[in-house]
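Colleague: The lines below spell out each chain.
Number of protein chains: 2
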Amino acid sequence: MLGRLYANEVCSAARTLEIVGERWSLLIIRNAMFFGMTRFTDFQRDLGVATNILAKRLSEFVAAGVFETRPDARSAHVEYVLTQKGRELQPVIIALTEWGDRWANPDGKPITFEHADCGGHVGLKAECKGCSDCPSPIDVTARADPRFIQLREQRRQRH
Amino acid sequence: MLGRLYANEVCSAARTLEIVGERWSLLIIRNAMFFGMTRFTDFQRDLGVATNILAKRLSEFVAAGVFETRPDARSAHVEYVLTQKGRELQPVIIALTEWGDRWANPDGKPITFEHADCGGHVGLKAECKGCSDCPSPIDVTARADPRFIQLREQRRQRH
Chain A
670 MLGRLYANEV
680 CSAARTLEIV
690 GERWSLLIIR
700 NAMFFGMTRF
710 TDFQRDLGVA
720 TNILAKRLSE
730 FVAAGVFETR
740 PDARSAHVEY
750 VLTQKGRELQ
760 PVIIALTEWG
770 DRWANPDGKP
780 ITFEHADCGG
790 HVGLKAECKG
800 CSDCPSPIDV
810 TARADPRFIQ
820 LREQRRQRH
Chain B
670 MLGRLYANEV
680 CSAARTLEIV
690 GERWSLLIIR
700 NAMFFGMTRF
710 TDFQRDLGVA
720 TNILAKRLSE
730 FVAAGVFETR
740 PDARSAHVEY
750 VLTQKGRELQ
760 PVIIALTEWG
770 DRWANPDGKP
780 ITFEHADCGG
790 HVGLKAECKG
800 CSDCPSPIDV
810 TARADPRFIQ
820 LREQRRQRH
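Protein chains in written order, with my numbering: chain A, 670 to 828; chain B, 670 to 828.
Think of the hints as simulated: they come from the structure by calculation, not from any bench.
On a predicted model such as this, the values are computed, not experimentally measured, just so you know.
The beta-carbon is built from N, C-alpha and C at its ideal position, and this holds for glycine as well.
Errors might be hidden in some of the hints.
To be verified - A short, non-exhaustive set of chain A residues, derived as facing chain B with CB atoms under 8 Å:
no., residue
1, C680
2, R684
3, I688
4, R692
5, T707
6, F709
7, R743
8, H746
9, L765
10, A785
11, E796
12, G799
13, C800
14, P804
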């Protein structure tokens, strides 16, 4: 975790990035979520991340409630298992993947997401709960709660 | 950008994180996307990020085609405007926000997303293109293209 790095932010995206915005964080979560990884050595070998960094990330994730540990029946170590809080990061991973497929991966689509029940392709869509349209990005605006604008201003002045 | 930090990764999510995974990156994009910011001084003042870091991020974004510059009619500086490539990062920002609303922001929902046409609330949903269900995270699996598994293995052995 980044600590309260974005201290003057009240935005939920900023809060999320404090938990998952560090280098490797989302790749660790991706490996647990989609490749079923649970063991330290598997994460380490697959990602090639330094062991001290991996140990730090995993222990921060456990502290944040994104992973939980359980005894590993096959060794003296523990396994790291995503909690519901961790599993619900799935749209973040899918959104990153879809953008990367379109804009950053010249080789094509390395990974596709499938619905376990029917084998259909799963994708994200932005949907308006008012009219059920799927608005394009340019037609979506953000409305800030006035309470939070004030709170943010106060925090900014304090830092 | 992180350079080819995740060198042995072929995954699109990893490619995306090379472009937007650095500290501050997604908050800069959020401010441009939802608060209409275009000027260096506005980003700097709002985020409180060091000027050298902000300058580096913006110039990397321009190089990556996420922002483009245009002359600022009101000053001798340039304005930074999201390209289509940049605007299409919107689902990433919304996904981070929705997770943060639920799991990381005890104060509530600072920001909501609205459909400009009708004022309705815009949210993300994962949808199966096969059966039109909205599967929960646990019912979504990832299928890796065999070509890419091989490619990834080759890259890993090289590093």
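Colleague: Each hint needs a verdict: does it hold in this structure or not?
Modeller: Quick rundown of the hints versus the structure:
Checking A:C680 against chain B: minimum C-beta separation of about 6 Å stays under 8 Å; hint holds. Of the supplied interface hints, the one on A:R684 holds, with its beta-carbon coming within about 4 Å of a beta-carbon of chain B, less than 8 Å. The restraint placing A:I688 at the interface with chain B holds, with a minimum CB-CB distance near 6 Å, inside the 8 Å limit. Evaluation of the A:R692 hint against chain B yields a held restraint, the C-beta minimum of about 7 Å falling below 8 Å.
For the restraint placing A:T707 at the interface with chain B, the shortest Cβ-Cβ distance is roughly 15 Å, beyond the 8 Å limit, so the hint is violated. For the restraint placing A:F709 at the interface with chain B, the shortest Cβ-Cβ distance is roughly 18 Å, beyond the 8 Å limit, so the hint is violated. Of the supplied interface hints, the one on A:R743 is violated, with its beta-carbon coming no nearer than about 23 Å to a beta-carbon of chain B, more than 8 Å. With 8 Å as the threshold, the beta carbon of A:H746 stays out of range of chain B, its nearest partner Cβ sitting at about 23 Å, so the hint is violated.
Restraint check, A:L765 versus chain B: the minimum CB separation of about 4 Å is within 8 Å; hint holds. A distance limit of 8 Å between C-beta atoms decides the matter here; for A:A785 the minimum to chain B is near 5 Å, and the interface restraint holds. Satisfaction of the interface hint for A:E796 is found here, the shortest Cβ-Cβ separation to chain B being roughly 6 Å, below the 8 Å cut-off. Checking A:G799 against chain B by beta carbon gives a least distance of about 2 Å; that is within 8 Å, so the hint holds.
Taken as an interface hint, A:C800 checks out: its beta carbon lies about 5 Å from the nearest beta carbon of chain B, inside 8 Å. The restraint placing A:P804 at the interface with chain B holds, with a minimum CB-CB distance near 5 Å, inside the 8 Å limit.
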